[in-house]
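Participant: One line per chain: the protein sequences are A and B, in this order.
Each number in my numbering comes from the position in the first sequence (counting from 1) with 1 added on.
Each number in my numbering comes from the position in the second sequence (counting from 1) with 24 added on.
Check before you lean on any hint, since a few could be wrong.
Estimated spans, in silico, between C-beta atoms of each pair [what the hints assert, rightly or not]:
#, chain 1, residue 1, chain 2, residue 2, range
1, A, Ala163, B, Pro219, 28 to 34 Å
2, B, Ile210, A, Ala163, 35 to 41 Å
3, B, Thr336, A, Pro150, 24 to 30 Å
4, A, Glu84, B, Pro78, 45 to 51 Å
5, B, Asn76, A, Ala163, 35 to 41 Å
6, B, Ser333, A, Ile21, 33 to 39 Å
7, A, Glu84, B, Ala126, 35 to 41 Å
8, A, Glu22, B, Leu73, 37 to 43 Å
9, B, Arg222, A, Glu31, 53 to 59 Å
Cut-off 30 Å, straight-line C-alpha distance, at most; resulting in silico cross-link-like pairs (DSS-like, lysine-lysine) [claimed, not checked]:
#, chain 1, residue 1, chain 2, residue 2
10, B, Lys335, A, Lys157
11, B, Lys53, A, Lys4
12, B, Lys238, A, Lys70
13, B, Lys335, B, Lys291
14, A, Lys157, B, Lys238
15, A, Lys188, B, Lys53
Partner residues are not named here, just some residues of chain B that face chain A (Cβ under 7 Å, in silico) [as the list claims (entries may be wrong)]:
#, residue
16, Asp70
17, Leu73
18, Lys106
19, Thr110
20, Asn166
21, Ala167
22, Gly170
To be clear, the hints were calculated from the coordinates, so they are not data collected in a lab.
Computed from a predicted model, the values in this text were never measured in an experiment.
All residues carry an ideal CB built from backbone N, CA and C; glycine is no exception.
Now for the letters of each chain:
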Amino acid sequence: MVKRTITILDPTSKRRRQDIEMAPRRSTIEGGVVGFLWNDKPNANFLLERFAELLVEKLGPAEIMHRHKLSASDPAPEEIINELSRKCDMVIIASGDCGSCTSYVIHDAVELEKRRTPTVSVCTNEFLPLGRVEAEALNMPYLAILEIPHPLGGIKIEAVRAKADDAIGELIVLVRTSKEELKERSKRGSN
Amino acid sequence: MKNDYDYDMVIVGGGMAGLTAALYALRAKLDVMLVEEKTIGGSIADTNLVENFPCFPGGISGIELINRLVSQVRQLGAEFAKTTVTRIELRDNLKWVCTEEADYCAPTIIIASGARPRKLAIPGEDEFIGRGIHYCAICDGNAFVGGEVAIIGGGDSGVTGGLYMTRIASKVFLIEIQHQLGATAILQERLYANPRVRVLCSTELTAIGERSCKKSLNIKNLETGDSSELVVDGVFVYVGIVPNTDICHYIVDLDSTNHIVVNSDMKTSVEGIFAAGDVRSNSPRQALTAAADGATAALSAERYLSRLSEKTL
Numbered sequence: 002m003v004k005r006t007i008t009i010l011d012p013t014s015k016r017r018r019q020d021i022e023m024a025p026r027r028s029t030i031e032g033g034v035v036g037f038l039w040n041d042k043p044n045a046n047f048l049l050e051r052f053a054e055l056l057v058e059k060l061g062p063a064e065i066m067h068r069h070k071l072s073a074s075d076p077a078p079e080e081i082i083n084e085l086s087r088k089c090d091m092v093i094i095a096s097g098d099c100g101s102c103t104s105y106v107i108h109d110a111v112e113l114e115k116r117r118t119p120t121v122s123v124c125t126n127e128f129l130p131l132g133r134v135e136a137e138a139l140n141m142p143y144l145a146i147l148e149i150p151h152p153l154g155g156i157k158i159e160a161v162r163a164k165a166d167d168a169i170g171e172l173i174v175l176v177r178t179s180k181e182e183l184k185e186r187s188k189r190g191s192n
Numbered sequence: 025m026k027n028d029y030d031y032d033m034v035i036v037g038g039g040m041a042g043l044t045a046a047l048y049a050l051r052a053k054l055d056v057m058l059v060e061e062k063t064i065g066g067s068i069a070d071t072n073l074v075e076n077f078p079c080f081p082g083g084i085s086g087i088e089l090i091n092r093l094v095s096q097v098r099q100l101g102a103e104f105a106k107t108t109v110t111r112i113e114l115r116d117n118l119k120w121v122c123t124e125e126a127d128y129c130a131p132t133i134i135i136a137s138g139a140r141p142r143k144l145a146i147p148g149e150d151e152f153i154g155r156g157i158h159y160c161a162i163c164d165g166n167a168f169v170g171g172e173v174a175i176i177g178g179g180d181s182g183v184t185g186g187l188y189m190t191r192i193a194s195k196v197f198l199i200e201i202q203h204q205l206g207a208t209a210i211l212q213e214r215l216y217a218n219p220r221v222r223v224l225c226s227t228e229l230t231a232i233g234e235r236s237c238k239k240s241l242n243i244k245n246l247e248t249g250d251s252s253e254l255v256v257d258g259v260f261v262y263v264g265i266v267p268n269t270d271i272c273h274y275i276v277d278l279d280s281t282n283h284i285v286v287n288s289d290m291k292t293s294v295e296g297i298f299a300a301g302d303v304r305s306n307s308p309r310q311a312l313t314a315a316a317d318g319a320t321a322a323l324s325a326e327r328y329l330s331r332l333s334e335k336t337l
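Same shape as in the complex, but just chain A (with noise of 0.2 Å):
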């Protein structure tokens, strides 16, 4: 008999890792609920307070909601990501301004849109390549991220509230845009 050799192939590819879906969004806040996390990082609470005030102003949330994790480097406690995430209709969180801080600003935004709940993450300017990176690495690379100008921590508060006016116009634009249009945006360069 003649002794035949039989090479099995596998057609599988090799595991690669997938985007995880982002949170669907509202076309509007008005009359929801706008969570502000804070995570302890200098003016970061100043820079949202403001945020708040100029949201409730320009857009009209009914409600307004301030949770503080007590470490920049570390993630949030899972119920202030659960909590926030089964009363919000979106999430703002500050501020990534160092390398730890920015990765766990990225890491509780992940969190919340992984339980479907619509984030906007603030990063300075310096540190929004390390943002747009650990999201990346994340698996959800079109996350939303503010930028605003470094640094945020050791000025004077009227200038936490002076970046928060010059930064409301495009944190508003980030409330209101799409899933699909952030993917978009990223494809295109802006954030």
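Following the hints, position chain B against chain A.
Facilitator: Frame of chain A, contents of chain B only:
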């Protein structure tokens, strides 16, 4: 390589060593996955100014250095995963990097998992972590604008952290247990010249408490044996590092301080597994040497893969 593997190489750790290893491996057209648990860029991303990296007179900010390196690596098509590595194991004659997300199989692994700050292990430390006790001045220093802080540890990291805090705080106490600082001479010179700094050598921090929303430090003068109280707004601890070898201590040989033993090619005791950066034994713990380690490890891994390919042909 043959398709038995998910990647040609899995790099554990995305700091300077891991990113540079990725750079070299990608230029060699290897299929690479880089896994990082915390911050891509590692501790350099939290460094205010890197003054001793060649080609940057006047220094370069840590984040700028990392942004450049990440951009360089991404141009080559690097794939990053943000997840926790739970263990590295040898299974079915293959090498596996197991993560919370997936297990990745590769013929070569570069462990560049870095190190974490060593704790003081004194009463009160755990209680106040993140609430007055910190391990990174650049991350958390701005919480103490105009205040008084203590830096624990007089090595390069402690003195650099102390100098950074002189720009923010009104007073910086630098506490060193040895009778003199261990930092590089140029850093010491700057520290001693700064009027906001008071250096306390031969001084041990023995406990941390709270007094009127401030931190109360019990300090002991080791020359006189006298104990006293120092009240500050915040404390930054720089007393060394602990290598992140929990994921591999049962596979590769470690030295007495739990760093991975490597030879000059960054080879570990296991064929096909390499180590680079702060996690390896006798690392000088510099951004530049971490980069050099990463390059050496990637080149060695590439040679190993070539030999493996020849064998399987």
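Participant: Any hints from earlier that this structure breaks? Give me their numbers in increasing order, please.
Facilitator: 3, 7, 10, 11, 17, 19, 22
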